[in-house]
Amino acid sequence: MPELTLSKAINTGLRRALEDDPKVIVMGQDVGGLGGVFRVTDGLQKDFGSDRVIDTPLAEASIVGTAIGLALRGYRPICEIQFDGFVYPAFSQIVSQLAKLRARTNGLLSVPVVIRIPVGGGIGAVEHHSESNEAYFAHTAGLRVVCCSDPHDAHWMLRMAARGADPVIFYEPKRRYWSKADVAESADDARVLPLDRARVVRPGRDLTLLTYGGMVATCLEAAEIAAEEGRDLEVVDLRSLSPLDLDTITASVDRTGRCVVVHEAPTFAGLGAEVGSAVTERCFYRLEAPVLRVGGYNTPYPPAKVEDQYLPDADRVLDAVDRAFAW
Amino acid sequence: MPELTLSKAINTGLRRALEDDPKVIVMGQDVGGLGGVFRVTDGLQKDFGSDRVIDTPLAEASIVGTAIGLALRGYRPICEIQFDGFVYPAFSQIVSQLAKLRARTNGLLSVPVVIRIPVGGGIGAVEHHSESNEAYFAHTAGLRVVCCSDPHDAHWMLRMAARGADPVIFYEPKRRYWSKADVAESADDARVLPLDRARVVRPGRDLTLLTYGGMVATCLEAAEIAAEEGRDLEVVDLRSLSPLDLDTITASVDRTGRCVVVHEAPTFAGLGAEVGSAVTERCFYRLEAPVLRVGGYNTPYPPAKVEDQYLPDADRVLDAVDRAFAW
Amino acid sequence: MEPVQLLSPDGTFTPDPAWPLEVTPQLCRDFYRRMVLARRFDDEALALQRQGELGLWLQSRGQEAAQVGSILALRDTDYVFPSYREQAAALCRGLTPAELLVQWRGNALSGWDPARYRFHIYTLVLAAQLPHATGYAMGVQRDGTDEIVAVYFGDGASSEGEANEAFNWAAAAGVPLLFFCQNNHWAISTPTHIQMRAPLHQRARGFGLDAHVVDGNDVLAVHAVTRAVAEQIRAGGGPALIEAVTYRMAGHSTSDDPTRYRTASELDSWQARDPIARLESLMVAQGWIDEELRAQIARESDALAEETRRVCREFGPVDMTGMFSAVLAQQSPLLAEERRRHEALVVSYAD
Amino acid sequence: MEPVQLLSPDGTFTPDPAWPLEVTPQLCRDFYRRMVLARRFDDEALALQRQGELGLWLQSRGQEAAQVGSILALRDTDYVFPSYREQAAALCRGLTPAELLVQWRGNALSGWDPARYRFHIYTLVLAAQLPHATGYAMGVQRDGTDEIVAVYFGDGASSEGEANEAFNWAAAAGVPLLFFCQNNHWAISTPTHIQMRAPLHQRARGFGLDAHVVDGNDVLAVHAVTRAVAEQIRAGGGPALIEAVTYRMAGHSTSDDPTRYRTASELDSWQARDPIARLESLMVAQGWIDEELRAQIARESDALAEETRRVCREFGPVDMTGMFSAVLAQQSPLLAEERRRHEALVVSYAD
Ligand SMILES: Cc1ncc(C[n+]2csc(CCOP(=O)(O)OP(=O)(O)O)c2C)c(N)n1
Ligand SMILES: Cc1ncc(C[n+]2csc(CCOP(=O)(O)OP(=O)(O)O)c2C)c(N)n1
Ligand SMILES: [Mg+2]
Ligand SMILES: [Mg+2]
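Chains as they are written, first to last, in full-length UniProt numbering: chain G, 1 to 327; chain R, 1 to 327; chain S, 1 to 351; chain C, 1 to 351.
Hint data in this document are derived by calculation from the structure and do not stem from the laboratory.
Bear in mind the structure is a predicted one, so any value in this text is a computation, not a measurement.
Mixed in with the good hints, there may be bad ones.
[To be verified] Quick partial rundown of chain G residues pointing at chain C, CB under 10 Å, derived from the structure: (1) D196; (2) Y301; (3) E307.
[As the list claims (entries may be wrong)] Anything over 10 Å on all C-beta distances counts as not near chain S; from chain R, calculated: (4) E19; (5) D21; (6) P22; (7) D30; (8) G74; (9) F86; (10) S110; (11) E127; (12) Y177; (13) W178; (14) R202; (15) A217; (16) P243; (17) R255; (18) A289.
Idealized CB from N, CA, C, for every residue including glycine.
Please build the complete structure, drawing on both the sequences and the hints.
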């Protein structure tokens, strides 16, 4: 495929999913004529009709709830939640229904609903439009929680999510919607990884940066700067936040002996806490320093003019890297 | 005060709160004539009237939402959510409104709403009635999250929550509702601790068990057994899950050098992950073994007949203790 | 709007041209038999709970007419979403006592294969099944079949946001869905006047649903109305709501003590409107019931009761192992590890 | 039910005995002036957004009559919960341009002290303010004052569970609350027929709310109806809902491109019903407006526009520091530590 923006790569992924399986349905607020507020569903309703690309009423609990019903009927709904901060009205449907139906029926029922959520900050938005809430869903057994970071992965991860048997919370880092990259043409391409696998995006020897979503680019930037100072940082894109690919993660930390986790979400009880604890359990004797966490501060997301101070940037990452080396 | 059950100690706490401050309101499903499904509000409506002890419609989002409105009007609502698994419809009101109003108004508004939630398993209940969801709220900036474990603390923690300026998620371990203990008469009693302080409930030299709620008794039991084997375990009741009292926690681990966190909730991205990461950051060179976590398995809460296998018990705690010593 | 009633509390039948129903001896015997069986099953389950064999039981006593009359008005192929008290309806769909008890025994989180009975598992989170039913009906609509979908819920559940979202969504989308509310006057200890100011059928019409209210203790009225409304939905008339006015003659559950919040006289007045006795009065007056039928139903009831006790005693032990592999389609490494550790612990205890 | 209209689109006034209103020159001039100022402010804010001075702006263009007519029918002591597009109403309560812009500038999460104006901060999570208003009104009810509470929201927001819970709860509790819906026909790109089958005022009556529908572009009708309904609520008549049928003449926000989903002719037809032009026609016909008044309002508008531009340019820089101490009443050790680290970083950058 040609170079695509992340947004277009997902759009194309949705198009393929709709073509490949007549049971796939795309639904959400303004996903039809408007093509979604980020244009991720642009043109789909025109081509697949309003029975398969559905503009829904403004009711998130029911977007997820009806998607569950559609899945029980044999459909494969891919829902869009317009912004991260608006998934909470659907929380009960997600954690008590969607996540649990398989276990409640001892495997009899599957509800392969994909919930796409544009996530995170960095776009100068007003409140509730920049939340990073992956920890809530990662803590919920029965969900797969994934986060893409580039167009190639976004496309293929979405297509896999749309074919899997499990419910998937599919995060799209909105600040990267417009970044471009090449997307593999076929599922056979070696770059196409399973949905639950982490990926080393930059090999390095001295310290492992574990990250995902919008922070992958930030960590790569930090690694470039560190390289100039003679530190060789490995950057791992977690991709799957639940389950975690601890094999890939611990292989890296066992090699480097130092680890910093970076995400946009507040650190307290965030995903970095899990990664830190799990890595420490597995790499205890290899660690030269504790796993350090860099995240959004433990405040509500601040006003747009302050988000650059709130969100981790290369400097904050490197500050933690320095601390890890100084331990 | 005489010996009280945990349930009665909270009941008495609510009664005092209603007496002390005419603005206090108790509200929730069936809290009036019935006195709540656990009888925690027994007799209150009779004595304080249905304007102050309110049987609400069956709508959790609005229980919290109207409580916010009442708080904006100067009232101090103490809401009951009937069971842990039914707080999710109120999730948006809690995380986007209740938790954020102070920060959104730069401190201008406070919404001192207390949300009481009977929490956890061990009572043979049907699904959705045994959830441990404290990690969701602990990860949410702007809330205080506390969990009582005995009648004395339950009484005084509730009274403090009812007087504070912050919203509080107040967890009550339902399996301990019927356990009895002495409750201090006055706030001057030395046993009355601030709401955000952890408490060493059993001093020990060899390893620190960090726990809260229903697992405090379980950890004490484990410590008794370990003592017979010559291991002296310290048991710390966290009490405040957010913020964490890291001073008390790290003081303990710095002394013992070993730490196991125990809770009923699934471990993955649970509160134990935060505790593990935070303790490791602060006690890195003192730790003889990684902080180990014992929790509910990472599945939905299982059927009642299986909960004894699912929930941590003294054996599972001691298994982790053994592993920590064998590291 | 007065509830549709065809059979008065004393058993007098008055046809209503708006809700035609051919009241045959056969029809009445069938309803009667099913209601009696349902009540016997309910009594038996209650006794089992009192004996400690079940962790909890929620009785349907008093609501048999609402459930039997309505579900028999649907086709077997119509998919049904129950709430958690629909034993009488479930038995009509062929669910077995074992399937209905296992969840309350604490051995499983749900009891049966929904596909087999076209009867979904119970939903304990109030109102959560209403959006599911709406979505399922969207699927039916897309499939272009002539199935309809029905969803049961209570008066209390109607206060939840999700219930109202579903009313609105279903109406806007025009899906083939029947909302069936059993207004049994109570949500645990909370009476309906605390839940709502206007009756639910009025609210439903406000959403643009076709809505009706029926005497829920009158199995003939429930059946006539449900049948007509179901066929209208099937014919493409859009979603509808039926409010069946009935009464929860037992406590909310076996954990409940209803004497704390309701009077004996209220209960008495509803005992006088018992749905089974009411139909029986008609059958007696018409000579549609004789000793043979009574004896036959008694035998069936005894057999059902015995099966109920037997299957309850026969439930085997359960363990965690199944849970680990039912969380995701493909077991995660973390769960595999937990399972290994769990099995090792079990072995170590055995030692 | 037809919307109440007192002033036809061409500016003809027809009194309605059901909704009495003394239409004085003074009243019309006041409405006119406020609507013109609101629109000018809106235009200015739009321009500032286009120049990059604001991150986002949501226009109230077209909805001035609905907002001005309604809020002026309340007492200043009545507490109001707006949604996020109520600039015209806010200006009537005395909020300053700076207060109205700071949030959209990205300098703060909210703009003003609600206690000062008895006008709550904007709520961006749709419908979340409806339960707040309901609870606030429960407080008023308990305090026994003669205040009422009003809450603004849109047609789209009415599909949310929380909106419907609030309708139901307010009705059941009988609180002194006015629900005011501006049905501007669109929720971003979604037309009302996708949100609902029946009009909202019909739904509201279903919940047992007193409900009315009014031509939202007719400031006289909006005012007359709101005044009467507000006084009825104040007198203990229970909660009510007013649906004001209006039109969002601009895009949803400055990020929106409405040409993707609506036709130019639809917009044209609503331009012809512009609320300001309509009132002006009446005033011209009655001779209630002259060059002096026009000049005076133009001067005021220019001054407001200038103030708007000036305050926007004058917003100072902001930093994280305030956030750390606003999370909890007493700063936690974690936040204190983060704050220290943050300040150290800022210093290190300065080096
Ligand atoms: C979301 C949610 N909140 C609270 C409960 C606890 N609860 C279980 S049943 C019940 C009352 C339900 O009343 P109703 O809907 O009228 O049904 P009924 O029990 O009368 O059949 C309550 C409050 C629940 N199951 N789910
Ligand atoms: C819970 C929630 N879901 C989605 C959104 C995104 N959103 C913001 S405004 C809007 C449309 C609202 O339409 P309406 O209620 O009619 O108000 P209007 O914008 O027309 O004034 C949407 C979908 C939101 N703010 N909150
Ligand atoms: Mg009921
Ligand atoms: Mg609108």
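Checked hints:
1. D196: violated, 32 Å
2. Y301: holds, 9 Å
3. E307: holds, 8 Å
4. E19: holds, 24 Å
5. D21: holds, 25 Å
6. P22: holds, 23 Å
7. D30: Contrary to the label, R:D30 does not stay out of reach of chain S, its closest Cβ about 5 Å off (not over 10 Å).
8. G74: holds, 24 Å
9. F86: Violated, since 7 Å does not exceed 10 Å.
10. S110: holds, 26 Å
11. E127: violated, 5 Å
12. Y177: For R:Y177, whose nearest Cβ neighbour in chain S is about 13 Å away, the distance exceeds 10 Å, so it holds.
13. W178: Given that every Cβ of chain S is farther than 10 Å from that of R:W178, nearest at about 14 Å, it holds.
14. R202: R:R202 is indeed farther than 10 Å from all Cβ atoms of chain S, at 24 Å.
15. A217: Nearest chain S Cβ is 20 Å from R:A217, so the label holds.
16. P243: holds, 28 Å
17. R255: Label holds. Min Cβ-Cβ 29 Å, cutoff 10 Å.
18. A289: holds, 17 Å
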